[in-house]
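Peer 1: Just so you know, the sequences run in chain order A and B. The letter at position 61 of the first sequence is residue 210 when you use the numbering used here, and the numbering goes up by one with no holes. The letter at position 297 of the second sequence is residue 314 when you use the numbering used here, and the numbering goes up by one with no holes.
There may be inaccurate statements among the hints.
Sample of chain A residues with no beta-carbon within 10 Å of chain B, all distances over it, derived [unchecked claim]: (1) Ala186; (2) Pro187; (3) Gln284; (4) Tyr285; (5) Leu286; (6) Asp373; (7) Asp398; (8) Gly435; (9) Asp493.
Stretch by stretch, here's where chain A covers chain B in the computed footprint (C-beta under 8 Å, at least three residues) [unchecked claim]: (10) 113 to 126; (11) 159 to 165.
Partial list, computed: chain B residues near chain A (C-beta under 8 Å) [to be verified]: (12) His135; (13) Ser138; (14) Gly139; (15) Ala140; (16) Asn142; (17) Arg197; (18) Arg200; (19) Pro224; (20) Val225; (21) Asp226; (22) Gly229.
What the hints contain is simulated information worked out from the structure, not anything from laboratory work. All figures in this text were calculated on a predicted structure; none of them were measured in a lab. Using N, Cα and C, we set each Cβ at its ideal position, and we do this for glycine too.
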Amino acid sequence: MTALRITGGRVIDPGSGHDTEADVWIDGGRIAAIGAAPASFPSHDRIDAAGCIVCPGLVDLSARMREPGERHKGTIASESRAAIAGGITTVCCPPDTAPVIDAPATVELIRQRAIEADQARVYPIGALTAGLDGQYLAPMRALARAGCPAMGQADRDVDDSHVLRSALTYAATIDRPVILPACTPSLGHGCAHEGTVASGLGLPGIPVAAETTAVARIIALVADTGARVHIGRLSSAAAVDLLARAKADGLPVSADVAAHQLELTESALTGFDARAHLRPPLRSTGDRDALREAVAAGVIDAICSDHRPHEPDAKRRPFEASDPGLSGLETLLGLVLARVAAGDCDLVTALARVTAGPARILDLDLGHLRPNAPADLCIFDPDTETAVEPDRFVSRGHDTPLAGHTLPGRVRTVLVDGRIRSD
Amino acid sequence: MVDGDIQFAPDGRLRHCLTTEGMGGERITEILDLAESFAGVNDKTIKKVPLLRGHTVVNLFFESSTRTRSTFELAAKRLSADVLNIDVQRSATSKGESLLDTIANLQAMQCDLFVMRHPESGAANLVARHVDDDVHVINAGDGLHAHPTQALLDVFTMRRHKPDLSERSVAIVGDLRHSRVARSEIHALRALGVGEIRAIAPRTLLPVDLEGLGVRVYEDIDAGLADVDIVVMLRLQRERMEHALLPSSSEYFAGWGLTPERLARARPDAIVMHPGPTNRGVEIDSRVADGPQSVILEQVTNGIAIRMAVMALVAGTAPQREGR
Chain A
150 MTALRITGGR VIDPGSGHDT EADVWIDGGR IAAIGAAPAS FPSHDRIDAA
200 GCIVCPGLVD LSARMREPGE RHKGTIASES RAAIAGGITT VCCPPDTAPV
250 IDAPATVELI RQRAIEADQA RVYPIGALTA GLDGQYLAPM RALARAGCPA
300 MGQADRDVDD SHVLRSALTY AATIDRPVIL PACTPSLGHG CAHEGTVASG
350 LGLPGIPVAA ETTAVARIIA LVADTGARVH IGRLSSAAAV DLLARAKADG
400 LPVSADVAAH QLELTESALT GFDARAHLRP PLRSTGDRDA LREAVAAGVI
450 DAICSDHRPH EPDAKRRPFE ASDPGLSGLE TLLGLVLARV AAGDCDLVTA
500 LARVTAGPAR ILDLDLGHLR PNAPADLCIF DPDTETAVEP DRFVSRGHDT
550 PLAGHTLPGR VRTVLVDGRI RSD
Chain B
18 MVDGDIQFAP DGRLRHCLTT EGMGGERITE ILDLAESFAG VNDKTIKKVP
68 LLRGHTVVNL FFESSTRTRS TFELAAKRLS ADVLNIDVQR SATSKGESLL
118 DTIANLQAMQ CDLFVMRHPE SGAANLVARH VDDDVHVINA GDGLHAHPTQ
168 ALLDVFTMRR HKPDLSERSV AIVGDLRHSR VARSEIHALR ALGVGEIRAI
218 APRTLLPVDL EGLGVRVYED IDAGLADVDI VVMLRLQRER MEHALLPSSS
268 EYFAGWGLTP ERLARARPDA IVMHPGPTNR GVEIDSRVAD GPQSVILEQV
318 TNGIAIRMAV MALVAGTAPQ REGR
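With the rest of the complex left out, here is chain A (with noise of 0.2 Å):
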């Protein structure tokens, strides 16, 4: 393997909140400075970074690669190579494949496919209860023992709390982290923001209480038993004030937001845009702007891509029949740093939400930079603005209702374990 030194651009390691103008070397996969050249360095390809950030490569806590059981709408190679065209250089798939991932010769298919795909890290998160039904535990040990950084319910919702209660106690007997969707089911069978546009528009709605009751609950739990609960994708302004407040009584809470709930608000639904049919729904600016903030303050732990790639007959229905879900992973960097570029947070805190964020909520060794940690790099041009133009995504999704919108900064360069993987 060649070494590699980059040279002159602006290094952000977001977990330390090293900011400064350096060359990165890169040696046996792994890094082998920031800075001055370490002694003995051998022979080397250098990467001119000029005028780009290089940071550690996204760390994307929940990405659908539809593989195993849904190859018509993608698979490991070709969402782990849209992964990387997104500057995401891992990424974890939710346990709702077909079969779920709740025997470690799933999980040991999905790592296998990754790795012949040679392309972005890729953690399936396991089933927190067997088959996903909320009624036995999934064999979370062997799962976390197949490499597993957490176990989760993807959107499903455990109904009995007593079983719910007990899978929080188990994992965190075997401390992984357990990562719960935010929605009560039973409020959650609409297909939109319960509010004005929803109402107009005759689309059943999905009240705010759908996500607060399911996250009160939750809260609820992890005082009583202790247990690492992220959870995922959050929505409204009342949910984030109910995390914070679980936050500054001290319970290992954490939450992530989805990238576009910080961009779009329930007006994209006008006209009946499918692409616009999403889980959780598109709420109210109000929530909007919540949410940006929580992301702001690290209220809000990560920022996630959400990606749920379609086959473009999804999408080709009324809306409530069209597969709700978008393509984000080659959006997500944009989104973020369309935040910035708000004046919402600063560029190391913004980067933080997509690398050290997540990595420390799944207790990876990555998402940050410095010796000898693996050399997963992202290296983009801030600079030059990128429309969004899902008939070039690398995604076999092509949906987003952010098609048409032009996002701040360009991937360059993606290395994973020192190797460049971008085109």
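Following the hints, position chain B against chain A.
Peer 2: This is chain B only, laid out in the frame that chain A set:
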């Protein structure tokens, strides 16, 4: 392209009829005036005019309907169109064909005007976005979203009885939350500058943010009916009880049913409307439905003229005013 105004052609002509929202008072008045001229046709012995000769109208109903479908069929025939009724229960969609494929196939048969009812909100908008330029879509009800021709025939009926609508007060009573008729009617009444719109219902049957549409909300029917000129009753469906929105139909009737005693709180010359089908003894007392203030059957008759007007307008065979 996704556009709230897809029902208009680039030159401002009404190309599809999808919703009364954004249609504008002038456009609605034009439709009502045209319908008045067709109402004359309907009173003659020979009831046909040749405005849609050579056109093929498809009644594509994915939800059952008696009144709306029959009056669309009669309206099309009185405009001399060929009419095709598609029984969706026995059609290809029940074999898994997608909505857009069904439409593409009908277009291939040179059908040029789709009258469509569908259980999903936005279905007519979806179809309108995908049809050829010379094909027109009339929404005959989509999910909970819109039922523009019902709203238009309702305001037509109102205008005939109360020409000075800007001085009048309209109360809509019942399940507004699940009513596409109510949504379309509120938009139409607002566009025509009606004096006051009230909504009367228990809170579980009210949509969010009615006030934002300029509607005064009453949970008490006696207060809400006081001095109104027009009462629009909405149908209550059994499934509202099954979904725990109401305890029972008898409790609903006791609290919000329209009885002669309650109607007496409205103006003495108030009219009572209902889009049908009525549930006697659930939302309306038979003495009111059959009483002198009821114009329920007149609404049905007016439906033919309104649907003739809308079909002729979207097909471009009726004289149109300039711009919007």
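Peer 1: Which earlier hints can't be squared with this structure?
Peer 2: Hints that this structure does not satisfy do not exist here, as all of them hold.
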